[in-house]
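Student: All chains should be modelled from the sequences, with the hints used to inform the complete structure.
Add 89 to the 1-based position in the sequence shown for my numbering, that's all there is to it.
All clues stand as given, with none of them false.
Simulated restraints on C-beta separations:
no.: 1; residue 1: Cys125; residue 2: Ser160; range: 17 to 23 Å
no.: 2; residue 1: Gln184; residue 2: Cys125; range: 32 to 38 Å
no.: 3; residue 1: Gln184; residue 2: Glu124; range: 32 to 38 Å
no.: 4; residue 1: Ala185; residue 2: Gln135; range: 33 to 39 Å
no.: 5; residue 1: Glu134; residue 2: Ser160; range: 28 to 34 Å
no.: 6; residue 1: Gln180; residue 2: Arg156; range: 24 to 30 Å
no.: 7; residue 1: Gln158; residue 2: Glu112; range: 15 to 21 Å
no.: 8; residue 1: Arg156; residue 2: Ala185; range: 32 to 38 Å
It is worth saying that the hints were derived from the structure and are not from the lab. From the three backbone atoms N, C-alpha and C, an ideal C-beta is built for every residue, glycine too.
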Amino acid sequence: MPFALLVLLAALASPALAQTAPERGALLYGNHCVECHGVQMHWREQRLARDWTSLKYQVRRWQGEARLQWSEADIDAVTRHLNDTIYRFPQPQPQARR
90 MPFALLVLLA ALASPALAQT APERGALLYG NHCVECHGVQ MHWREQRLAR
140 DWTSLKYQVR RWQGEARLQW SEADIDAVTR HLNDTIYRFP QPQPQARR
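Tutor: Right, here's the structure in full:
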């Protein structure tokens, strides 16, 4: 009986843990970018990100400069994190496959 109870508790706790886990983009940005690119960097007059495309370009550029070798999914995740928390640029709609 105690084993079944533990299994039940683990199953109930899993969705709650998943909801509170930080997203990948936030983790990557926090571990690799925030030391040099604080919030002030994103709000300055000379910022280079002016829309979704240029924001993604800058994420790709700086991860390359830092030799992080992020995947396209990682670049998308960090771009999405920055856009959701700071920029709020309209995102392009995914193109339908033909």
